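> Residues per chain are reported as follows:
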Amino acid sequence: MIYDVIIIGSGPAGLTAAIYTTRDKLKTLVIAGTKWGGQLQLTTLIENFPGFPKGIQGPDLMFNMRRQAENFGAEIIDTDFISGDFVKSPFKIIAGDKEYVGRSIIIATGTDTQWLGVPGEKEKIGHGVSACAPCDAPFFKNKKVIVVGGGNAAMEEALILTDFVKQVTIVYRKEALTRVSQLMQEKVENNPKIKVFYSSEIIEVLGKNKVEKVKLRDVKTQKISEMPIDGIFVAIRRVPNSERFKGIEKDEQGYIKVHEFVKTNIQGIFVAGDVHNKNYQQAITAAGFGAMAGLEVKRWLGGRL
Amino acid sequence: MADLNFTDNDFKTQVLESSEPVVVDFWAPWCGPCRTVSPVIDELAKEFAGKVKIGKLNVDENSQTASQYNVMSIPSVVFFKNGQPIRTMVGIQSKENYKQEVEQILAQ
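Quick mapping for you: the protein sequence lines, in order, are chains A and B. Take 222 as the starting number for the first sequence in our numbering and just add one per residue. Take 35 as the starting number for the second sequence in our numbering and just add one per residue.
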């Protein structure tokens, strides 16, 4: 069987695209991945997605989007995309241990956490090292934690944590919080539980079976110090999930290059959401790109009939 | 098959003293990703019924057990054999991944 479109990814971009293509009667397969639902699965209350005046829980929003796409006939499989031949339509895709063929493709794989990559970190993921404050904050009641990073995402993690922990230390390499909004900066600076360590970075995570201490380096003086700590929340940057798309043009950071909003360098392969959009990375912008990609697929397939 | 839920009280008898291997899904109601893993665990429990004991532990209600095994991210799925935790899988994993692990433990 040949699908009209195979959508790789199941965050707001992928599922919105699926809603559009299935309503247009295109035979649609969504390769949702084992971690289906994307970043929103790792959030709590989403207050900036229009249509929900009281906000909506991120996972609820994703369950709803999935149901909506399924109602229109989308076939959704929870296996991981492995590889594909991205030369010309029809495209062959391997997901799990099966092959699928699609006349067009929408890449909507989003981004993933960039871990610190320092000694002691990897083996303590789940034992004090985390990338998801909404998931794990309750484990750190009345404890002391670090949030690593200086962007909006790091600030949000820190603020979520303050509901539970005794103290949050933000560890940031730069000298000032220049990457966050004024409002966010004030929220963080006025929160008595948060303090910011500027010009510093973690160089090692210490502890036996869980996080107990970190080794910090002052990036200006190179001075090394140790800090006892119970948890580390990593929010330094996102990495686009694009390395498995051979032959698709990307920028130096790995974000997929777009031509005319949602087209890639290969005809019939479209892209939507955070995997190409490093500037906004919002649920609503991803959904918007998903809608655009869905419409473009329809147009492109229509032109070929 | 009824869901199997472990507690602080019965963890010793149900898990540590179990003659068969045990898989414990540490979860909580407020955890979004846990909702993704939960149905997968239910399916595995059915598939391996009689060979491996597969159940869940609510970390809010059973914090003693969670902290004893240093569970600080959920979902965490911990595999026990002869009373010892021999493997921990943190975060959402594919059904295949869990299954492979269960089969490996059975083969040992």
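Hints listed in this document are in silico derivations from the structure and should not be mistaken for laboratory results. There's no promise every hint is true.
Unchecked claim - Using 25 Å as the maximum straight-line C-alpha spacing, the simulated DMTMM-like pairs for lysine to aspartate or glutamate come out as follows:
#1 B:K80 / A:E344
#2 A:K343 / B:E135
#3 A:K431 / B:E81
#4 A:K364 / B:E95
#5 B:K129 / A:E296
#6 B:K129 / A:E425
#7 B:K129 / A:E291
#8 A:K343 / B:E81
#9 B:K133 / A:E396
#10 A:K362 / B:E81
#11 B:K133 / A:E470
#12 B:K129 / A:E320
#13 B:K46 / B:E130
#14 A:K319 / B:E51
#15 A:K248 / A:E344
#16 A:K362 / B:D94
#17 B:K129 / A:E422
#18 A:K319 / B:E137
#19 B:K115 / A:D281
#20 B:K133 / A:D245
#21 A:K431 / B:E135
#22 A:K431 / B:D94
#23 A:K364 / B:E77
#24 B:K129 / A:D384
#25 A:K431 / B:E77
#26 B:K133 / A:E481
#27 A:K364 / B:D42
#28 A:K387 / B:E81
#29 B:K133 / A:E447
#30 A:K319 / B:D42
#31 B:K80 / A:E464
#32 B:K129 / A:D299
#33 B:K80 / A:D318
#34 A:K319 / A:E422
#35 A:K362 / B:E95
#36 A:K365 / B:E130
#37 B:K129 / A:E464
#38 A:K319 / B:E95
Computed from a predicted model, the values in this text were never measured in an experiment.
> Against this structure, judge whether each hint is valid.
Hints, one by one, checked against the model:
Pair hint K80 of chain B plus E344 of chain A does not hold up; C-alpha atoms about 31 Å apart against a cutoff of 25 Å. A C-alpha spacing of about 20 Å is found between K343 of chain A and E135 of chain B, which places the hinted pair at or below 25 Å, so the restraint holds. Between the alpha carbons of K431 of chain A and E81 of chain B the distance comes to roughly 33 Å, so the proposed pair goes past 25 Å and is violated. This hinted pair checks out: K364 of chain A and E95 of chain B have alpha carbons roughly 19 Å apart, not beyond 25 Å.
Annotation: proposed proximity of K129 of chain B to E296 of chain A holds, straight-line Cα distance about 18 Å (limit 25 Å). Between K129 of chain B and E425 of chain A the alpha-carbon distance is near 33 Å, which puts this suggested pair outside the 25 Å criterion. Note on K129 of chain B and E291 of chain A: the hinted pairing holds, with a Cα-Cα distance of about 21 Å set against a maximum of 25 Å. A hinted pair counts as satisfied when its Cα atoms are at most 25 Å apart, and K343 of chain A with E81 of chain B does not qualify at roughly 32 Å.
At roughly 47 Å between alpha-carbon atoms, K133 of chain B and E396 of chain A are farther apart than 25 Å, so this suggested pair is violated. For a cut-off of 25 Å, the pair hint linking K362 of chain A to E81 of chain B is broken: about 37 Å separates their Cα positions. At most 25 Å may separate the alpha-carbon atoms for a hinted pair to count; K133 of chain B and E470 of chain A exceed this at roughly 36 Å. Between the alpha carbons of K129 of chain B and E320 of chain A the distance comes to roughly 19 Å, so the proposed pair stays at or under 25 Å and holds.
Taking the CA atoms of K46 of chain B and E130 of chain B, the gap is about 28 Å. The hint is violated against a cut of 25 Å. Taking the CA atoms of K319 of chain A and E51 of chain B, the gap is about 40 Å. The hint is violated against a cut of 25 Å. For the proposed pair K248 of chain A and E344 of chain A, the alpha carbon gap of about 43 Å is over 25 Å, so the pair is violated. Pair hint K362 of chain A plus D94 of chain B holds up; C-alpha atoms about 12 Å apart against a cutoff of 25 Å.
Annotation: proposed proximity of K129 of chain B to E422 of chain A is violated, straight-line Cα distance about 37 Å (limit 25 Å). Pair hint K319 of chain A plus E137 of chain B holds up; C-alpha atoms about 21 Å apart against a cutoff of 25 Å. Proposed proximity of K115 of chain B and D281 of chain A is contradicted: the alpha carbons are some 36 Å apart, above 25 Å. With a C-alpha separation of about 37 Å, the suggested pairing of K133 of chain B with D245 of chain A is violated against the 25 Å cut-off.
For the given pair, K431 of chain A sits about 23 Å from E135 of chain B by alpha-carbon distance, which is consistent with the 25 Å threshold. Pair hint K431 of chain A plus D94 of chain B holds up; C-alpha atoms about 20 Å apart against a cutoff of 25 Å. Restraint check for K364 of chain A and E77 of chain B: not satisfied, since their Cα atoms lie roughly 36 Å apart, outside the 25 Å limit. Proposed proximity of K129 of chain B and D384 of chain A is contradicted: the alpha carbons are some 34 Å apart, above 25 Å.
As the CA atoms of K431 of chain A and E77 of chain B are separated by approximately 31 Å, the hinted pair breaks the 25 Å bound. With a C-alpha separation of about 43 Å, the suggested pairing of K133 of chain B with E481 of chain A is violated against the 25 Å cut-off. With a C-alpha separation of about 23 Å, the suggested pairing of K364 of chain A with D42 of chain B holds against the 25 Å cut-off. The suggested pairing of K387 of chain A with E81 of chain B is violated, with an alpha-carbon distance near 44 Å, which exceeds 25 Å.
Distance restraint check for K133 of chain B and E447 of chain A: the Cα-Cα separation of roughly 41 Å exceeds the 25 Å cut-off, and the hinted pair is therefore not satisfied. Only pairs whose Cα atoms come within 25 Å are accepted, and K319 of chain A paired with D42 of chain B is rejected, the gap being roughly 42 Å. With a CA separation close to 36 Å, the supplied pair K80 of chain B and E464 of chain A exceeds the 25 Å bound. Taking the CA atoms of K129 of chain B and D299 of chain A, the gap is near 9 Å; set against the 25 Å cutoff, the hint holds.
Proposed proximity of K80 of chain B and D318 of chain A is supported: the alpha carbons are some 23 Å apart, at most 25 Å. For the hint linking K319 of chain A to E422 of chain A, the alpha-carbon distance of about 43 Å lies beyond 25 Å, and the restraint is violated. A threshold of 25 Å between alpha carbons decides the hint, and for K362 of chain A with E95 of chain B the separation of about 15 Å falls inside it, so the pair holds. Restraint check for K365 of chain A and E130 of chain B: not satisfied, since their Cα atoms lie roughly 36 Å apart, outside the 25 Å limit.
Only pairs whose Cα atoms come within 25 Å are accepted, and K129 of chain B paired with E464 of chain A is accepted, the gap being roughly 23 Å. Proposed proximity of K319 of chain A and E95 of chain B is contradicted: the alpha carbons are some 41 Å apart, above 25 Å.
Violated hints, listed in ascending order, are 1, 3, 6, 8, 9, 10, 11, 13, 14, 15, 17, 19, 20, 23, 24, 25, 26, 28, 29, 30, 31, 34, 36, 38; each of the other numbered hints is respected by the structure.
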